[in-house]
Structures are given as C-alpha cells and as structure tokens.
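Build out the structure end to end from the sequences listed, making use of the hints.
Number of protein chains: 2
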Amino acid sequence: MAAESKSTDVSEVRMEDLVSLCARRGLIFQASEVYGGINGFWDYGPLGVELKNNLKSLWWQKVVRERDDVEGLDSTIICHPRTWEASGHVEHFSDPMVDCRACKKRFRADQLDDAGRCDSREGSSEHDFTEARSFNLMLRTSLGASEDAASEAYLRAETCQSIFTDFKRVREASRQKIPFGIAQVGKAFRNEINPRNFTFRSREFEQAELEFFVHPSERESWFEKWLELRMAFHAELGFDPARIRTRPHEADELAHYANAAADVEYHFPFGWQEIEGVHDRGDWDLSRHSEFAGKDLGITDEETKERYVPMVVETSMGVDRTVLALLCNAYRVESLEGGETRNVLRLHPALAPLKAAVLPLSKKLGEPARAIAARLRRDWNVFYDESGNIGRRYRRQDEVGTPLCITYDFDSETDAKVTVRERDSMAQDRVAIDALPAFLRERLEGAE
Amino acid sequence: MAAESKSTDVSEVRMEDLVSLCARRGLIFQASEVYGGINGFWDYGPLGVELKNNLKSLWWQKVVRERDDVEGLDSTIICHPRTWEASGHVEHFSDPMVDCRACKKRFRADQLDDAGRCDSREGSSEHDFTEARSFNLMLRTSLGASEDAASEAYLRAETCQSIFTDFKRVREASRQKIPFGIAQVGKAFRNEINPRNFTFRSREFEQAELEFFVHPSERESWFEKWLELRMAFHAELGFDPARIRTRPHEADELAHYANAAADVEYHFPFGWQEIEGVHDRGDWDLSRHSEFAGKDLGITDEETKERYVPMVVETSMGVDRTVLALLCNAYRVESLEGGETRNVLRLHPALAPLKAAVLPLSKKLGEPARAIAARLRRDWNVFYDESGNIGRRYRRQDEVGTPLCITYDFDSETDAKVTVRERDSMAQDRVAIDALPAFLRERLEGAE
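Protein sequences appear in the order of chains A and B. Numbers in the numbering used here are just positions in the first sequence, counted from 1, shifted up by 55. Numbers in the numbering used here are just positions in the second sequence, counted from 1, shifted up by 55.
Please note that a few of the clues may not be correct.
No copy labels: a pair is met if it fits in one copy or bridges any two.
DSS-like, lysine-lysine: derived pairs with alpha carbons at most 25 Å apart [claimed, not checked]:
no.: 1; residue 1: K360; residue 2: K418
no.: 2; residue 1: K111; residue 2: K419
no.: 3; residue 1: K160; residue 2: K232
no.: 4; residue 1: K111; residue 2: K242
no.: 5; residue 1: K232; residue 2: K350
Just so you know, these hints were derived from the structure itself, not from any lab.
Written out as structure tokens, the structure is:
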C-alpha cells in the first residue's frame, strides 16, 4: 500500500466531539434514545461493550486470578434492607433538598444557583422554597406480593456491602486466612439529582471493588501497597502520567467510616475527577454488620489465638468513569500532511474493542480476505470491511482504536502476503498470511 | 503417587445434596445470608462466579465474537418506562392474585391449594379471599428528585427490549445488513410470587439473549438454524443427551407476540424445565416500538428498495438455570472400591472454575510447588493447597470439578517431574515441570 503521510499536530480533546464519536460509532449512547432518552442512563453499543468488558477482564485477571490471596464474588443487586441500615446508607446517604411551593419542583439545597426560573411565575425567577430536608439517594423497590413496609428493598448503592455480609461464608468456603481479599464487579445505582458529564455521573453504573481484610497492625502498609498496585494498573493501561494522580483526602472530607483515603484522579476535559478510590475503612463495616445481624464476624488467629475484627482496605474503581478516562486519554484529532485530519483512539491493544480489521483492496478479493478474517476471529475480535476506498477504511478503524489493519491486495494472490498497517505510527509491514497469528500475538499481546 | 481405586457405582443427583455442596464450597448460597437471606436471591461465591463467567464467555465467544453477523450490546437495567408499555409488559406481565381479608396475605389465584392456614383464625384453615385481580411482576422504582408518577420506572423484566429500542442505532453504527443479530448478557428482575427450586426460579437472574433480524421470507429457516446452533452449543457443554431436549410450544401456549417457539429443556431432579427458549417473535417488537416511539424502525433493502419491518428470531438462555443444569449434569456421588465415596463435578474443562490444583506432598515442598502454581496462574485459574493428606486434597478438588491435580513430591526434587492426576478417570501421568504449560493446554483446551 502507498504509505500515509505522518501526523504533524495533535489537538486537545473536546468533550462534545468525543460524545458525538461515541454515539456515531456505537460505543456509548443514551439509553432508550428512541423514547427521548432517560436522564443519567447510558447504553454501551457493539464497540463499547467490548471496551468495557476488556477493562473488567484485565481488572479481574490482575486483582483476582493472578493472586492467591483474593477471591471473587458475584452478589445480587437487591440485598436484605438491613444491609443498608448497617452500612449507614439509610441514615447518611442523602442530599439536602428543597421544594418550590409554587412550581412543585425539587432542588439540591446546595445548588440553588442552578435552580433557574420558577415555571409557575411568569417573568419572575423567584421560587418559593421550603426548608431543606434530606433526600435519600438509594433507589427503592418493593418485593413480594404485598406492598407493605416489610417488603421494601433498595437497589445497592455500592457493590462492597455484600462483600462484608458474605465475608464469613467466603472465608470459610475458600479457607483463606488474613490477609486476604474479596472482589467483585457489578452494577450499582444512585438517584443522582443532577447526572452530568456524559457517563461520569450517572444513575446506573458499574463498580470493580476489592475489600482486603488485614490485621489491625498491617492496615497502613496494606493501604500503601494497594494504592501503589492500583496506580501501577492504571499506568499499564497507558494513561498519560501528566493527566493521572493520587490525591489523599483531607481529614474533613473523609467518609464517616474511613480512616484514610486517596482518590485516583484523571484530568478530564471537565477537570480533575475521581476514577477510583482507595480507602482504609477500618473495622466499621464488619463491626456494624456483626451488630445488626447479631452475628460475630470477627476471626481468631490460629497461631496466636487472638480474637479480632479485621480491618478493611478497599479499592473501588468506577468502571464507566475509567472507560471514559481511557477514551479521553486515547482520543486525538490529528492533522496530517496535505490538510487532512484523522480521529484516532490510541487505546492499549488489550483494551481496543477490535484487534484487527481485514480489508480487501477490491471486493473481488473478498473471498480470500474473508477466510483470513474467519481464521483470526477464532483468537481475536476481528472486523471485516470491504466497502469504500482504503484510506477511508483506515480512518474508520483509527477512530475506534483498532491497532492493526490487514490489507489483502492483488499481489497477495501470488506472494501469499498481506500489508499490516499500525494505527499510531501508520507504519506498514508485509507479512506472510501463514505468519499472521504469530505476528498478531506479538504485536497485540507482547505489548501488554 | 499410589493409584486410586476405580469408581464402581454412580448415584442419582439429590437436589438437597447439591444445594448443600454449593453452599459449603462457596459456589452458590443465599444472598444476605447473615440477615436470614432474602427470598429468591442467590449469591455466587469464588467458584460460582468463575463457573458462571466461563459460561457467559463461551456464549459471547460463540454467539458474538466468532460471528460477523452478530453485534454485542450492554444496555441499562432501567429503561424508559414507555419501553414496557410498548412491549406489553405493563398490560400483560402479571399473575392473578387474591388477598385474604382476615390475615392480609396475598396468594396466586391459581395456587390456592398452597395457601395453608389463615394466620388470623386459630384452628381453622379458612381464608376469606377477595376476587382475583392481576398483579404485575415487574419491579418498580422511582427516579429523580420528585416522587410523582412521571418518574416511575421499572427494572427490566427481560434484556431483549433494549435490543429492540437500540436496533436502529446499533444497525447504523455497525453498518450491518439484514440478516444480522444483536446480543447481550445481563441481569433481569421479576417479582416472582413463589421463588423455588434453588436458583431455577429467582427474582434476580441473568439472561444471555440474541435477537436476530431477518427478512420475512427467511424467518422459518433462521428459526430452525438457530434452534440447531443452540442445541449444538449445549451439546458441546457436555450435557447428557438423555437429559436435554427441545420441546416445540403448542399453539395455545405461545406468548402473545410469538409465532413459533421451542424450549430447550433439561431434566432436573425436579422435572423437565426450560433453560433456554428459541422464539419467532415476528415483527411484534419493532412494530410496537415504532408505534410507541413514533419512529419508523423498519428498513429499506438497498438492492430491491423494498421497505419492511424485519422479523425477529430470538434465542434466550437463562444463565443461572443453565449453570444449575450444568451442576446437576456434572454432579456424581461415586462409590469407590473399599467403601469410600467421592463427590465429583464432571464439568467440561472450559467451564470448570479451577483448571488445576498444585499440591505439594509435604509442606516442606511448598516453595517449589508455589512457584509452579504462580507460573501456571498466568494462563489458568490455578489453586494451591498444602494442607491435609493427598487423598483428601484430591477429594476437595473433585467435588468442585477441577480437571487436573498436580502433585509435587520428593522425587520431583531430582527428576523435575510432577504427577498429574485426571479428575474423572483418576489416571495419573508423570509430566516434566517444564512441559506443564503445554500439557495443560492440550488437556484443557484441546478437549474443547
């Protein structure tokens, strides 16, 4: 193939461009779009679900499978309602709200500047507010045939609480000893008053959480260790070091249960924001569930016979937030020689939704090209595209982050080779068709 | 190692034994157990989550990744409420219920034989029932700051509806042409009045659904094709052919939207029950959402210019039900020579939660054995166990379905070999430590 001209310029990410790319290419778009959408809910399309699943798999691989001191869990979204009394959510997980007596709308008491005009008072912006009262952010539902208070339940506001309530069962079944952890990935729900910044603050979201149980004497060292491990994880994903940082919490911003905490923050186009939290939760959770369930969740050290409640170091990654940070980190609008531009997602190959695209130079070459795609599809997520000129097809792959484009041309018929073009450098290699699996393995997985 | 005596007898599965094994070994147990459980909700522990994830990955690999005519999706659990008006769930998805005026309890009108004694009438079993009225099975919640009717929403009762509402977006973004499908795996919720049979009928469950969109002239052939593909999938999982069957629906049991349907049924200890459904849904869903959204979801054939609403062939697998069927199918209590018995889960290696266990014959051999486990853990989910006699450690692995046990003994120190013992046959091979990755790859993945 004729080599492409090199990129010479890179622009800053504009959020609206990324949102539009995500919708157009089916990465992420508004849930129930056909009904006008639903505020704070986002669907992941064909490429988005692959990207998100790749991130979750990497997390599971590093945090659970490669460690002999972490066990996995998959608990239900609806838990026993006592869970949320013990956790403090029923009492504390709320925002102060005011109602307007005139227009009947409700607002956050600390955001009244955004309240706008009162709908019921033409020409006037004056609301008639009530006193502030607290509004719980958990989503409620009701179970069973009767609708009395006893059947009220909540959608979980965080995935970690069932790790605590399942702690004894998991510890006994897995025969783990302190220190060890329990991890899970799953959906959580918060009735955010003001969902915003694309998928950053939404009402239905996914968390990847680890609760690591340690002896009280080791809590500080494990907190430091896990903060370091989690930063190493993010570094491996390819985050620009200038746009990712840890920020220790000040004493006055610690949650009611936390003894120490640090946020992992990414510098989004809308500012520095948390994508993960690392928290020393102390013995708050196990002690509270022991008290509320009337069951001692403490443990006895087999050697010293010491009886104690383990301390918890938590790492809590927002899956959607991290996906969004990865997209912001990867997205470039590059100016090429000759005035052309290209959108590129410079995603790590392990995260890229598609690993390669097979592109016959002409539709006449479709049959052998399809055979290559089918062979590679056994091992990788591979796309096949035969429509449009080759430059346009490269651009379509660039903007969804496909690391390699494999072009089958008329020479391929005789030399049994194809051109493999790399996304970021746009450099081209001529590779024997038989050697493609090994070539892809090295380029895609050797890079991990 | 001394060879074990061969199994000579196999017993039928007893449900209570399987439930007890699942709890004891941390496969599946009651959600919020520490609070007395919550009816119809089950958590998957360390081994259960691996088994379930393995099934979901296999499904995704076969249905989505290996096909160029299927796209993946991951949509939200909470959709726009109009979705459920269009789907017919608001109107039709209900059971007839009666209330007892005396004890205030509610019962299914078609199950009054199970209603038991009236709590408020001592010594009597006479209830004072109201007329039957319909009780919707969707779980309800409410969104946003205000609690008026406009903010009411439902937890999805099935994952397929957002495939229909996202149909146009996904088709355009992926540039797919008819015939093609959209697939997703995710949670769904139904307020079952009477959850039962372990995880079989629960209130929170997972579905793996494919909606395949075809031209009206091809609906019957695609229905047959997908039924065949799905049965081939289940056959590959290792189901006993005598315990799995397809059962076409009679005309009078078809759902209101279905034109043809067949259940894939497994013969559980509690009878023949559906684990998957294959349905010809016709154009019901796309037509209804077109009508309710006021947007034409039909398509135009690029060649013939024909305008039509695609027909839908659906394959809907219950993930939890299939996991349960796999457990029932795999579970054996085997009598060994000498009067001993062993529990075995004869799971397909691709499904087994743990692929191998590394067992040093003595704790003194822990260091080199741990090194082997650490090396293998990069590629497989590998367990390490050094406590108890070797026979007992084999039994512990047998009952959670680990295909291979790798024993490091005192000879290993000099010959650099280990004994690999196979779960089902209990046959032993002596394998060079360096050759273990290749040996495992062949035994675990060659078998797929």
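Against the structure, the hints come out as follows:
Taking the shortest alpha-carbon separations for K360 and K418, only the inter-copy value of 22 Å comes in at or below 25 Å, while the best intra-copy value is 74 Å. Taking CA atoms no more than 25 Å apart as the test, K111 paired with K419 passes in neither setting, with 40 Å inside one copy and 37 Å between copies. When the C-alpha separation of K160 and K232 is checked against a cutoff of 25 Å, the pair qualifies neither within a copy, at 53 Å, nor between copies, at 46 Å. For a Cα distance limit of 25 Å, the shortest separation of K111 from K242 qualifies both inside one copy, at 12 Å, and across copies, at 17 Å.
Only within a single protomer do K232 and K350 lie at most 25 Å apart by alpha-carbon distance; the minimum there is 19 Å, versus 58 Å between protomers.
Hint compliance for this structure: hints 2 and 3 are not met, and every other hint is.
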